[in-house]
Amino acid sequence: MEALSTSNVNLSREKLVEMYRTMVKIRLFEEKVFELYAQNLVPGTIHLYTGQEAVAVGVCSALRKDDYITSTHRGHGHCIAKGADVKRIMAEILGKRTGYCKGKGGSMHIADFSIGILGATGVVGAGIPIAAGAGLSIKLRKTDQVVACFFGDGAANQGTFHEGINMAAIWSLPVIFVCENNLYAMGTRVSTVMRIENVAERATAYGIPGVVVDGNDVLAVYEATFKAAERARRGEGPTLIECKTYRHRGHSRVDPARYRPKEEVEAWLAKDPIRRFRDKLLKSGVLTEAEIQQIERETAAEIEETVRFAMESPYPTPEEALEDVYA
Amino acid sequence: MRRITYREALREALREEMRRDPTVFLLGEDIGRNWGGAFKVTEGLAEEFGDERVRDTPISESAIIGVTVGAAITGMRPVAEIMFGDLTALAMDQIANQAAKLRYMFGGQAKVPLVIRTPFGGGVNIAAHHSQCLEAWFMHIPGLHVAVPSTPYDAKGLLKTAIRGDNPVVFCEHKLLYPVEGEVPEEEYTIPFGVADVKREGSDVTVVATLYMVHKALKAAETLAKEGISVEVVDPRTLTPLDKKAIINSVKKTGRLVVVSEDCKTAGVTAEIAAMVAEEAIDYLDAPIRRVAEPDTPIPFSPPLEQYVIPDEKAIIRAVKEIV
Numbered sequence: 001m002e003a004l005s006t007s008n009v010n011l012s013r014e015k016l017v018e019m020y021r022t023m024v025k026i027r028l029f030e031e032k033v034f035e036l037y038a039q040n041l042v043p044g045t046i047h048l049y050t051g052q053e054a055v056a057v058g059v060c061s062a063l064r065k066d067d068y069i070t071s072t073h074r075g076h077g078h079c080i081a082k083g084a085d086v087k088r089i090m091a092e093i094l095g096k097r098t099g100y101c102k103g104k105g106g107s108m109h110i111a112d113f114s115i116g117i118l119g120a121t122g123v124v125g126a127g128i129p130i131a132a133g134a135g136l137s138i139k140l141r142k143t144d145q146v147v148a149c150f151f152g153d154g155a156a157n158q159g160t161f162h163e164g165i166n167m168a169a170i171w172s173l174p175v176i177f178v179c180e181n182n183l184y185a186m187g188t189r190v191s192t193v194m195r196i197e198n199v200a201e202r203a204t205a206y207g208i209p210g211v212v213v214d215g216n217d218v219l220a221v222y223e224a225t226f227k228a229a230e231r232a233r234r235g236e237g238p239t240l241i242e243c244k245t246y247r248h249r250g251h252s253r254v255d256p257a258r259y260r261p262k263e264e265v266e267a268w269l270a271k272d273p274i275r276r277f278r279d280k281l282l283k284s285g286v287l288t289e290a291e292i293q294q295i296e297r298e299t300a301a302e303i304e305e306t307v308r309f310a311m312e313s314p315y316p317t318p319e320e321a322l323e324d325v326y327a
Numbered sequence: 001m002r003r004i005t006y007r008e009a010l011r012e013a014l015r016e017e018m019r020r021d022p023t024v025f026l027l028g029e030d031i032g033r034n035w036g037g038a039f040k041v042t043e044g045l046a047e048e049f050g051d052e053r054v055r056d057t058p059i060s061e062s063a064i065i066g067v068t069v070g071a072a073i074t075g076m077r078p079v080a081e082i083m084f085g086d087l088t089a090l091a092m093d094q095i096a097n098q099a100a101k102l103r104y105m106f107g108g109q110a111k112v113p114l115v116i117r118t119p120f121g122g123g124v125n126i127a128a129h130h131s132q133c134l135e136a137w138f139m140h141i142p143g144l145h146v147a148v149p150s151t152p153y154d155a156k157g158l159l160k161t162a163i164r165g166d167n168p169v170v171f172c173e174h175k176l177l178y179p180v181e182g183e184v185p186e187e188e189y190t191i192p193f194g195v196a197d198v199k200r201e202g203s204d205v206t207v208v209a210t211l212y213m214v215h216k217a218l219k220a221a222e223t224l225a226k227e228g229i230s231v232e233v234v235d236p237r238t239l240t241p242l243d244k245k246a247i248i249n250s251v252k253k254t255g256r257l258v259v260v261s262e263d264c265k266t267a268g269v270t271a272e273i274a275a276m277v278a279e280e281a282i283d284y285l286d287a288p289i290r291r292v293a294e295p296d297t298p299i300p301f302s303p304p305l306e307q308y309v310i311p312d313e314k315a316i317i318r319a320v321k322e323i324v
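If you're matching them up, the sequences are chains A and B in order.
Using the numbering used here, you'd call the opening residue of the first sequence number 1 and step up by one each time.
Using the numbering used here, you'd call the opening residue of the second sequence number 1 and step up by one each time.
It is possible that some hints are incorrect.
Have a look at the derived ranges for each label pair, beta carbon to beta carbon [claimed, not checked]:
id, chain 1, residue 1, chain 2, residue 2, range
1, A, E230, B, A89, 36 to 44 Å
2, A, M186, B, K321, 56 to 64 Å
3, A, R141, B, K226, 53 to 61 Å
4, B, K226, A, E320, 51 to 59 Å
Capping the alpha-carbon separation at 20 Å, the derived lysine to aspartate or glutamate pairs in EDC-like fashion look like this [unchecked claim]:
id, chain 1, residue 1, chain 2, residue 2
5, B, K244, B, D286
6, A, K142, B, D51
7, B, K40, B, E52
8, B, K160, B, D204
9, A, K142, B, D312
10, B, K219, B, E201
11, A, K139, B, D51
12, A, K271, A, D66
13, B, K244, B, E279
14, B, K199, B, E313
15, B, K111, A, D324
16, B, K252, B, D204
17, A, K280, A, E304
18, B, K111, A, E320
19, A, K139, B, D21
20, A, K15, A, E320
21, A, K227, A, D66
22, A, K139, B, E52
23, A, K142, B, E52
24, B, K226, B, D312
25, A, K142, A, D214
26, B, K111, A, D66
27, B, K160, B, D243
28, A, K32, A, D324
29, A, K32, A, E304
30, A, K142, A, E230
31, B, K244, B, E222
32, B, K244, B, D283
33, A, K227, A, D214
34, A, K139, B, D312
35, B, K111, A, E323
36, B, K314, B, E222
37, A, K96, A, E302
Source of the hints: derived by calculation from the structure; they are not laboratory data.
Where is the CB? At the ideal position from N, CA and C, for every residue including glycine.
The following block holds chain B by itself, in its conformation from the complex (with noise of 0.2 Å):
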């Protein structure tokens, strides 16, 4: 199978999506000809769908998604770029009172069909406002959808989802995921939200995690088999809907769970997981859960300082290692 990068994919569901439906189109800021996007994602899509529907704005967070809102409750499918994830923080209110509410507090009569791409993470020293992951910020908002796309494959899949469903979607990217390749199939498909996949079995212990977190979590099992250990890698795909069955069904195999993630410890993506597991699942665990996280501090800026808190693969050969 071909190979692209996770950037390529992601253009590329953004390119066959226009396409495919005229009510489709971008905003955000610099993602037009003379920049391509802060990322490079939406490279060449000015160029072929002009400049009204690959849309520079002006730099104003909170009328971007705003703007976003209005065009989808009146017929149209947004996509919005956030340049960085932690800039969503401008347009929290559009985001998580209006974007996630109007549907329910108008009795169902709204449709919210948009995506608010962004991108999250540390790894390339530029500090704290701009290398956080703050994707449980979103799993705390009803209404909201929130995907975690750790491949290429799974970015092209789950954005043709985000854009064709008729719910708000905060899509999460990785920066440092994006010249990452994968195989893409040449032909169409989509990834239904709510559904996990198996990045790597295993019989010993179950790893969930998300986004940059699964290659590491990958690499770390590549490691542990060699001294003998059998680690199932989980990738979620999507906070919400969570597939909470896949979790649980992979933790009744191994007995063992860790949940690695990017973002703060405290009420974080590896909280909410390892409450849901100990809620539903607890009976089939035979050692405490351990979780992998950020150790609650903002993002410094040194790169021993920012290797020092962002969760490594020793971190998770670590935790594995004090439960099996």
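Bound conformation, chain A alone (with noise of 0.2 Å):
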């Protein structure tokens, strides 16, 4: 495993303020969400990403428009940051037939095929073979794309990681691995029930490089996509990177987590993600505090547009269940 620094890192002014603009977005749609199920307008459960956005941002800021990525069931976030419609995000959390899925996914399957996002599965664990098998595709039809597959600290335990992240390395596939390792699998405390202490260790079992970031550091979650997606482009197969970071809310809608003592609550909410970039880039003199002060209130306009725009649509009609289950 290697170390890894921030100080690689040279991006452009657009690019860091584009990364800073979505992380909010993605923040204030969650908490947006949130707030619509206190009202019970969301049918169903959600699984906030508020706290992680870092991960979601620096993979995806590191991928290009045709590249793919697989999701999970705290999916929001990834599919923002690659580039997702908000509206339609949302439409399809309400049940509307505007949604992505038209109503039949929710919450936990949203996909934009047009974007290379390859749908978020409600089996943890499952994406990883398919992400590899997205790199098959992509080495068999000779393209130069790269898949990243997002998964948790849960799915880590399961066989399609053995099986999959084994099969991705034995053909060389180019496929990041992202566990977003956030301590905890619903309430089960990752050390309860794993005996290392970093997922990225198992990457030597399979002869690819392991990495551990820190989760909550952008810019360090974007080096590492962006080294992992640069090898992966060359041929040399997939990298497993961990990414450190904690949900600020419980694992699903019903849970005050109230499993996760005080102190580490507290701890992990000093090292938001978005606090300490807006730091770094009010430090280094890429936004000004009016600036930031500025997106904010233009990614919280979106956000409501985005509530219109899904309180607005219509239910799909029942029959249209019957619909899209062949092509």
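Build the complex: two chains, separate frames, hints provided.
Below is the structure:
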């Protein structure tokens, strides 16, 4: 394993601002979803990405538009970071026909194939071999795309983790396996289900690089992903990147997360990825306080617009339940 | 017409589709040049198409199908081989929750053009982990197509349709059928899904059967013909979609139905077909429906035990005589 500093990242102002804006967008979007849920407007359940924004944005900012991602039940952030239309995500979360999946998928199954979002799976770890398959497809089609495969610490104990990463490794497939280790799989603390400190150590078993990064540092995530993507595009195979991070809220909407020690929560809240990036941008003069406030205002307005769009959108007609089973 | 085996017919379909379409590729355990597939279906294909397109995999059924799904939704047409049908259990999430559901869950955005070829069936004394017929599992999952070819002709035509289609197909083969010969034309043809084939015309009783049971039903029909009972044997060829019309039309003609399948009786292929006819065509029935199926046991090893549980010609004859 190699340690990563963020000193090597040299990004344009435009790119940095875009990354910041996207992180804010994810945060405000998720807070809005939570608010709508509290008003009983969201059917089913939700798994919020709040607190992990640096991972999705760091990873997706290092990808091209034609690269692929696979996502998870906690996937809104991944999709927003890859460039999905927040209006259509919100409409899907509310079960509306204008949503990405015409109301058939909901919060856990957002997909946008036109920008490489191969969809979010509700089965923990199921996306890992699917990402490897997209990698195999790239290899056979001889393009230089890459796949970023998001999954959590919980998925690292699924058989699909072993089978999928091994297959990607032996065939040198262009896949970046991104483990978002937020320390808990639902209420199960990762240290009680894994005898090693880092998921990334498992990379050794597959003969691929394993990297641990500060998942609350968007530039560290970006750099690790960029390196992994370059390596993948060169045909040198997959990388396992473990991003240490923390979800600000519970596992799902019913979870107050009482199993997490107060001091732990406070320590992680102090490492809020958005605040850290904002401080960095202010300190380095990339953004001024006024510009930051403007970004927040604009983004908040954009999110309000998503709510209006989603609320005003029609539900699907019941018979639409029978469509799309077969091609 | 020339005669080739079921195995050769499958191989021809794979070869022709791989020549025709560069996005078609094969993957599975030991399907490559060292072995040519446990049942030799892919023998010689790695030599023609290379190891990239005839890809040996680790023993990782879940990832074999997961990789197949990932390749299918990004522009390829993969054909996976699962060495024994029983082992689809290891890949069931990827088959039932991913391959089958992605299109629907994503509101029609995804196309999942993949084929999972796998041999089912007993009769070769390899016990409970290598002998089951599990077609009904896949009939129960919306989003999957299920093909059950009983002859070399059907095997080739259906496999080509499966590969060219845009839906995930569980392509059920039968171990005892691989060496069976039949007529297969040299020229190009495909067989559409959802179109049954009347394998033998008759007027007294309809026997619906699939896979190897078609051959047992035909033998039973031959024997019964000598006793003056005219049996019509209908082979659905695909269980999903199911050609209900052909089955009902035959029942309208004969007024009697026996459904034969090698899978377990409870909640199995025979249950579904019998229920469908009871629901949609009971007025045409002159006698109760009879089912001939495996008696809800695992498949045992020892020859007398195995022969006892797998339906045979005698069981079919007995069932026919009960209602004629």
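query = Within 20 Å, alpha carbon to alpha carbon, are A:K32 and A:D324?
reply = Given that 20 Å is the threshold and the Cα spacing comes to 30 Å, the pair is violated.
Distance restraint between B:K199 and B:E313, which requires alpha-carbon spacing of 20 Å or less = holds, 16 Å
query = Does the alpha-carbon distance linking A:K139 and B:E52 stay inside the 20 Å limit?
reply = holds, 9 Å
task = For the pair supplied as a hint, B:K244 and B:D286, confirm whether the alpha-carbon distance does not exceed 20 Å.
result = Holds, at roughly 19 Å.
inquiry  = Run the distance test for A:K142 versus A:E230: straight-line Cα separation, threshold 20 Å.
reply    = Cα-Cα ~16 Å, so holds.
query = Within 51 to 59 Å or not, the Cβ separation of B:K226 and A:E320?
reply = For A:E320 against B:K226, whose Cβ atoms are near 55 Å apart, the range 51 to 59 Å holds.
task = For the pair we were handed, A:K280 and A:E304, check the Cα-Cα distance against 20 Å.
result = With a Cα-Cα distance of about 28 Å, the restraint between A:K280 and A:E304 is violated, given a limit of 20 Å.
query = Going straight from one Cα to the other, do B:K40 and B:E52 come out at no more than 20 Å?
reply = Answer holds: B:K40 to B:E52 is near 18 Å, not above 20 Å.
Restraint check for A:K139 with B:D312, where alpha carbons must lie at most 20 Å apart = Between A:K139 and B:D312 the Cα gap is close to 48 Å, so the pair fails against 20 Å, i.e. violated.
ask   = Can the suggested window of 36 to 44 Å be confirmed for the beta-carbon pair A:E230 and B:A89?
value = About 40 Å separates the Cβ atoms of A:E230 and B:A89, which means 36 to 44 Å holds.
query = Between B:K252 and B:D204, does the CA-CA distance stay at or below 20 Å?
reply = holds, 11 Å
request  = Mind checking the alpha carbons of B:K111 and A:E323 for me, to see if they're no more than 20 Å apart?
outcome  = holds, 14 Å
Going down the numbered hints, you'll see the structure goes against 8, 9, 12, 17, 20, 25, 28, 31 and 34, while the others check out.
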